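With the hints as extra help, turn the sequences into a complete structure.
Those sequence lines, one after another, are chains X and G.
First residue of the first sequence? That's 1 in the numbering used here, and the numbers climb one at a time after it.
First residue of the second sequence? That's 1 in the numbering used here, and the numbers climb one at a time after it.
Any given hint could be a false lead.
Below are the DSS-like pairs computed for lysine-lysine, each with C-alpha atoms no more than 30 Å apart in a straight line [said to hold, decoys possible]:
id, chain 1, residue 1, chain 2, residue 2
1, G, K44, X, K124
2, G, K103, X, K141
3, G, K163, G, K103
4, G, K59, X, K21
5, G, K103, G, K78
6, X, K144, G, K103
7, X, K21, G, K44
Hints in this document: simulated from the structure, not taken from any laboratory.
Since the structure is predicted, the reported quantities are computational estimates derived from the model, not experimental observations.
There are 2 protein chains.
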Amino acid sequence: MTDISRSGCPINLSLEVLGDKWSLLIIRDMMFGNRRHFRELLTKSEEGISSNILADRLKTLLDEGIITREDDPTHKQKGIYSLTEQGIELLPVLAQMASWGYKYLPISEELGIRAQLLSEGGPKLWADFMDELRETHLGTKRRKRTGPSVGERLQAAYESIVKRK
Amino acid sequence: MTDISRSGCPINLSLEVLGDKWSLLIIRDMMFGNRRHFRELLTKSEEGISSNILADRLKTLLDEGIITREDDPTHKQKGIYSLTEQGIELLPVLAQMASWGYKYLPISEELGIRAQLLSEGGPKLWADFMDELRETHLGTKRRKRTGPSVGERLQAAYESIVKRK
DNA sequence: TCAAACTGCTTGCGATTTGCAACTGGTTGT
DNA sequence: ACAACCAGTTGCAAATCGCAAGCAGTTTGA
Numbered sequence: 001m002t003d004i005s006r007s008g009c010p011i012n013l014s015l016e017v018l019g020d021k022w023s024l025l026i027i028r029d030m031m032f033g034n035r036r037h038f039r040e041l042l043t044k045s046e047e048g049i050s051s052n053i054l055a056d057r058l059k060t061l062l063d064e065g066i067i068t069r070e071d072d073p074t075h076k077q078k079g080i081y082s083l084t085e086q087g088i089e090l091l092p093v094l095a096q097m098a099s100w101g102y103k104y105l106p107i108s109e110e111l112g113i114r115a116q117l118l119s120e121g122g123p124k125l126w127a128d129f130m131d132e133l134r135e136t137h138l139g140t141k142r143r144k145r146t147g148p149s150v151g152e153r154l155q156a157a158y159e160s161i162v163k164r165k
Numbered sequence: 001m002t003d004i005s006r007s008g009c010p011i012n013l014s015l016e017v018l019g020d021k022w023s024l025l026i027i028r029d030m031m032f033g034n035r036r037h038f039r040e041l042l043t044k045s046e047e048g049i050s051s052n053i054l055a056d057r058l059k060t061l062l063d064e065g066i067i068t069r070e071d072d073p074t075h076k077q078k079g080i081y082s083l084t085e086q087g088i089e090l091l092p093v094l095a096q097m098a099s100w101g102y103k104y105l106p107i108s109e110e111l112g113i114r115a116q117l118l119s120e121g122g123p124k125l126w127a128d129f130m131d132e133l134r135e136t137h138l139g140t141k142r143r144k145r146t147g148p149s150v151g152e153r154l155q156a157a158y159e160s161i162v163k164r165k
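See the structure below:
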């Protein structure tokens, strides 16, 4: 990858890491689709990333400290990818991007419902979801639960539309 | 550009428009640096975009309805680029990206101060700044002013650090 | 008045990146 | 034993990127 940076501007530096067509989609799938294995990320995403690109992006996300990788104890060949705190804190970026796309681009109904909930929920909902991600990705102790989790609500909303069709 | 989209996901569609290393930097310069002419965008940015790439990106941003272009009445050859409402509403995306970069990447002090103010100011400050952008880019009527504008405050903070050095 | 500088781009071309397809070496389930 | 599955790797063609130079028209300054 590129070692030399074009400027010290935070937006530029962020773009040097995330400014391509795939990196944020991989993070999206890890966050919202709970995809943690290479194969899951490869085949269960809408857009169809190719394996060499996926391998390359996972490597740079590892290098940047946005994700980690560890061996799956139940399967010698599987690796489990997890978001770091740094990766989890990309949620607001994704949420704003989703809101903007939801408002201005020709999104499909079933894939837009998550954006709508995320947008309407605002920072409070994001914070709840980030706490849930810390539980599943960082192994943070589970807090008291009141009702369904944000992740479950996002998933339920998605399925309610898919089934209706 | 690519006409066929990979999926109807709002994050994916946003990335198909903005997911490269330059588009958001151009918008950043229009927003925070008030660069409105081709040459300004070409030469007065930190990162040094090349002219063919700039021309190409401006064209797609025009096609996407994120910016507009009109002739400069004071100079027959100059064009003036402006942000549309759709473009102005990318501010939260940039702000979140700047906050994340500010927190996790090795930014330079003078370029980080804007990110810090933007991050600390939160959605309230963003809304004020977006109103100012509507004034300068959309010609919206100027509202009552109480103290310096957000744009002026961002600029003053930047210069206070540059001069100190 | 006339040359120099500046305007928004465009063109040519080599270097890099992308993306498809096939393949590898190993593991797991039946 | 054998098929299916695992995380990637490799080869190669096509697309994109980015530097440098060029262009036609406009404005500026002596």
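Verification of the supplied hints:
no. : hint             : result
1   : K44/G to K124/X  : violated (39 Å)
2   : K103/G to K141/X : holds (24 Å)
3   : K163/G to K103/G : holds (24 Å)
4   : K59/G to K21/X   : holds (19 Å)
5   : K103/G to K78/G  : violated (39 Å)
6   : K144/X to K103/G : holds (29 Å)
7   : K21/X to K44/G   : holds (27 Å)
Hints 1, 5 from the list above are not met by this structure, while the remaining hints are.
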